[in-house]
Amino acid sequence: MNKNQSIKDLVCKLILDIAPEADMQNLDPNEELREELDLDSMDFMNLLDSIAKQTAVNIPESDYSKVNSLQALTDYIASRS
Amino acid sequence: MKTLTMPSFGADMAMGSIVKWNVKPGDQVAKGDIIASIETMKGLIDMEVFDNGTIVALIADEGDEVEVGRPIAELQLSNEEYSDNKSEETLLREGSPNVAVNSSSSINKIPVSDASAGQTVTNKTSLETTDSLNKNVHVQITQQPKISPAARTKAIRLGIDWRLLPKGTGPDGALLLDDINIAKKTLAKPGSGHVKDPSEAMREAIAATVSQSKRDIPHYYLQLDIVLDKALKWLSIHNADLDPNKRILITAVIFSAIARALNAFDAFNGFYRDGHYQPADSVHLGNAISLRQGGLMVAAIHDAQRLGLVDLMDKITDQVTRARKGGLRMSEMQDATVTVSNLGDRGTDSIQSIIFPPQVAIFGIGRPRVMPWVIDNKLSCATIVSISLAADHRVSDGHSGARLLNKINKLLQTPEKLI
Amino acid sequence: MKNQSLSYRDAMKNAISEAMRKDERVFLMGEDVGNYGGCYAVSKGLSAEFGANRIIDTPLSESGFVGAGIGAAMGGMRPIIEVMTVNFSLLALDQIVNNAATLRHMSGNQIGVPLVIRMATGAGKQLAAQHSHSLENWYAHVPGIKVLAPATVADARYMLSMALADPDPVILFEHVMLYNESAAIPEPEDCPDMHQALVRKDGNDISLVTYGGSLSKTLLAANELEKQGVSAEVVDLRCLRPLDTETVYKSVQKTHRVLVVDEGWHSGSLAGEICALVAEDCFWSLDAPPSRVCSKEVPIPYAQHLERAATPQVAQVVEAALKLLKRTVTA
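Residue numbers (the working numbering), protein chains in the order written: chain A, 1 to 81; chain B, 1001 to 1419; chain C, 2001 to 2331.
Please note that a few of the clues may not be correct.
[Said to hold, decoys possible] Stretch-level coverage of chain B by chain C, calculated; a stretch enters the list once three of its residues show a Cβ under 8 Å from a Cβ in chain C: (1) 1146-1154; (2) 1253-1259.
[As the list claims (entries may be wrong)] No more than 27 Å apart at the CA atoms, straight line, and that leaves these computed lysine-lysine pairs for BS3-like: (3) A/LYS66 / B/LYS1233; (4) A/LYS66 / A/LYS53; (5) B/LYS1184 / C/LYS2323; (6) C/LYS2250 / C/LYS2323; (7) B/LYS1410 / B/LYS1315; (8) B/LYS1233 / B/LYS1407; (9) A/LYS13 / B/LYS1246; (10) B/LYS1230 / B/LYS1407; (11) A/LYS13 / A/LYS53; (12) A/LYS66 / B/LYS1246; (13) C/LYS2254 / B/LYS1185; (14) B/LYS1167 / B/LYS1185; (15) C/LYS2254 / C/LYS2201; (16) C/LYS2227 / C/LYS2201; (17) B/LYS1230 / B/LYS1417; (18) A/LYS66 / B/LYS1230; (19) B/LYS1167 / C/LYS2323; (20) C/LYS2323 / C/LYS2296; (21) C/LYS2326 / B/LYS1184; (22) C/LYS2254 / B/LYS1184; (23) C/LYS2250 / C/LYS2227; (24) B/LYS1167 / C/LYS2125; (25) B/LYS1246 / A/LYS53; (26) A/LYS53 / B/LYS1315; (27) B/LYS1417 / B/LYS1233; (28) B/LYS1185 / C/LYS2326; (29) C/LYS2125 / C/LYS2296; (30) B/LYS1410 / B/LYS1246; (31) B/LYS1167 / C/LYS2254; (32) B/LYS1246 / A/LYS8; (33) B/LYS1315 / B/LYS1407; (34) C/LYS2250 / B/LYS1184.
Hints are computed from structural coordinates only; laboratory data are not their basis. Glycine residues also receive a C-beta, built at the ideal position from the N, C-alpha and C atoms.
I would like the entire structure built from these sequences, with the hints used as guidance.
Next up, the structure:
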């Protein structure tokens, strides 16, 4: 649980780097992330890039559907790091 | 018109002196004629001319010492129609009013492929021939909208894009301080006394642009639904083992197809000004980047038709980052010859856009979506993207627009060729 | 009873006699300055007051007596050399440019040349081609000398003493058409430091920059422009080398337009220099190209109507200013 929380915090921070106005407090972690935060494909790629750099977890294109929400993304990273 | 330059008669020759001209302006010359005697370190050497034509002007005089490669004469080639299209050198020497009055940025701004006004060219891959250089310079010089330094400074300070303003009240339609002041008043909301913040100013600038566009440009609209599966499949294979920052987005593939297709369709890539259309000689693809806080910036990807997919993707990424952080360069803001509007994969099925004057076309890319589709007479599924084209009917017709869209489609069916 | 006004001529005469009374090192030398009282009557009566030793009639040899003056200055005197007109100064060009201007530099600051040269200049008296030059710009070109152009009675009265106080050569140019002009008797505060340009008339729409004999024409043009709704600012340069660019730039930055009125010929004129400086340093403030009204490219003619046609006139300045403001001439 601790590990998951710290990963979640990290992901939130990285999201804020890309979308500084994002309201992370009120974000439903199970809602579709890109839709909620208005992240386009470029933003999403930048996010995955910074995640890869910070966690060494490289998310391939084929797994994009598995990381749709903040929770899914967090879980995915946790399981691979 | 051909500019004759001091020839090199040896690798170590840097200068030559014109001892004697054998011709004068007006003389007809034939290929092989000796037109001058040149003194070099190696002695007196005869200079031949390699074309048939008429000597128009002698730029260097007898006795002048001239560096190798510098102009010494102008020759009107026989197989050219004689026109008033004088070379840049002659124009400058004669002090043509268009050349003299214009700010330095227009004299340095040679053909559109020269990246930026006033900046040195860094990575030009090919040299323009003298003829095309001269032709483009002449036209550029007469067509550059004019503005006084004071007006330009004020316009920049107010965030007004002066190139989109109607003609000013100065000589040759130059914009003056008063014109900018009037423009500012026109753009200002009536009754607003408060200081505008940048996003408001941007909104107003966009408003002015699109209003003028809809007023002045007779738009026609075409759309083509394109099957994207081949491109997507090729892309996923390409991206499979790559780090996120090396992956190519489908956007880049579509941009590349558009840029390359435009290469053969002059009437959709250039500028319409003062009742006259001038096709650009390279495709500087304007990428319409939306900003998080609202608003739009169009950043030009220079020579997009020449970039491979990897380079194009890098360029796009870099520009989007800089656009959102406010680090775009002036040349990127000014140079777009055509624009692409892309609402992204969570946008709408299609987008019909408004042309940014003085451009004459704009593409809209809808979101790729899976649809039922008939393939080989059978019902199947395909990922479809709708690409729309809005174009200026003063310059092109639906028939060529359709051919252009079809060409883009063709290119997208062979994505491996775009790399 | 005190005279209410003073002529430019008398102002200069008073300046000379005051300087000579204050400092016995000061003396005047030149052609016809003594017995004749000066070609333009500036030194009339001075010989009687100061004697032939201090009001010296020289032979007809500019190179000779300018050279002698340079020598006197080097020897500790404070000579005022009168060269009858700038036209004749050409014969002393070598003395002025190669000796007076350079000796401090060439001697490694061991020798100075505290010399004042006064010259009449300009056209308007039908003295024709060889006697109507305005060559202030030639001298303003040379490092080592200072060049002044007193255009008002106040400047004529008080610039001379400032020039005499300067340890280096100073040339004063007196336009021939100014000698008879009169104005109220000036006070010292009417003449600011000799290096300073002055705004003679405030305005907002255009800066008219000028000097010497052209000042009065420019002021008249400014009045004419006022009637046509144009607010012109008139800047009198006063000092041509060094130029008070600060005053000029301040004006141009306010009005965004500059027109220089200069009686020198157009090509290579001082006006050209000022236009270049404005283009270099005030470029971003300009709403119109820097412009100039100068003499036409001809030797100055003898016939009065031709002499007038060849030199800057009020109507020309008005027309040029209106053109810069893109307004057509009314009436």
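Comparing the hints with the structure gives:
{"no.": "1", "hint": "1146-1154", "verdict": "holds (count 6)"}
{"no.": "2", "hint": "1253-1259", "verdict": "violated (count 0)"}
{"no.": "3", "hint": "A/LYS66 / B/LYS1233", "verdict": "19 Å, holds"}
{"no.": "4", "hint": "A/LYS66 / A/LYS53", "verdict": "19 Å, holds"}
{"no.": "5", "hint": "B/LYS1184 / C/LYS2323", "verdict": "25 Å, holds"}
{"no.": "6", "hint": "C/LYS2250 / C/LYS2323", "verdict": "22 Å, holds"}
{"no.": "7", "hint": "B/LYS1410 / B/LYS1315", "verdict": "24 Å, holds"}
{"no.": "8", "hint": "B/LYS1233 / B/LYS1407", "verdict": "20 Å, holds"}
{"no.": "9", "hint": "A/LYS13 / B/LYS1246", "verdict": "22 Å, holds"}
{"no.": "10", "hint": "B/LYS1230 / B/LYS1407", "verdict": "16 Å, holds"}
{"no.": "11", "hint": "A/LYS13 / A/LYS53", "verdict": "14 Å, holds"}
{"no.": "12", "hint": "A/LYS66 / B/LYS1246", "verdict": "20 Å, holds"}
{"no.": "13", "hint": "C/LYS2254 / B/LYS1185", "verdict": "22 Å, holds"}
{"no.": "14", "hint": "B/LYS1167 / B/LYS1185", "verdict": "16 Å, holds"}
{"no.": "15", "hint": "C/LYS2254 / C/LYS2201", "verdict": "14 Å, holds"}
{"no.": "16", "hint": "C/LYS2227 / C/LYS2201", "verdict": "15 Å, holds"}
{"no.": "17", "hint": "B/LYS1230 / B/LYS1417", "verdict": "12 Å, holds"}
{"no.": "18", "hint": "A/LYS66 / B/LYS1230", "verdict": "23 Å, holds"}
{"no.": "19", "hint": "B/LYS1167 / C/LYS2323", "verdict": "19 Å, holds"}
{"no.": "20", "hint": "C/LYS2323 / C/LYS2296", "verdict": "19 Å, holds"}
{"no.": "21", "hint": "C/LYS2326 / B/LYS1184", "verdict": "21 Å, holds"}
{"no.": "22", "hint": "C/LYS2254 / B/LYS1184", "verdict": "20 Å, holds"}
{"no.": "23", "hint": "C/LYS2250 / C/LYS2227", "verdict": "25 Å, holds"}
{"no.": "24", "hint": "B/LYS1167 / C/LYS2125", "verdict": "49 Å, violated"}
{"no.": "25", "hint": "B/LYS1246 / A/LYS53", "verdict": "13 Å, holds"}
{"no.": "26", "hint": "A/LYS53 / B/LYS1315", "verdict": "21 Å, holds"}
{"no.": "27", "hint": "B/LYS1417 / B/LYS1233", "verdict": "14 Å, holds"}
{"no.": "28", "hint": "B/LYS1185 / C/LYS2326", "verdict": "22 Å, holds"}
{"no.": "29", "hint": "C/LYS2125 / C/LYS2296", "verdict": "17 Å, holds"}
{"no.": "30", "hint": "B/LYS1410 / B/LYS1246", "verdict": "26 Å, holds"}
{"no.": "31", "hint": "B/LYS1167 / C/LYS2254", "verdict": "25 Å, holds"}
{"no.": "32", "hint": "B/LYS1246 / A/LYS8", "verdict": "25 Å, holds"}
{"no.": "33", "hint": "B/LYS1315 / B/LYS1407", "verdict": "24 Å, holds"}
{"no.": "34", "hint": "C/LYS2250 / B/LYS1184", "verdict": "26 Å, holds"}
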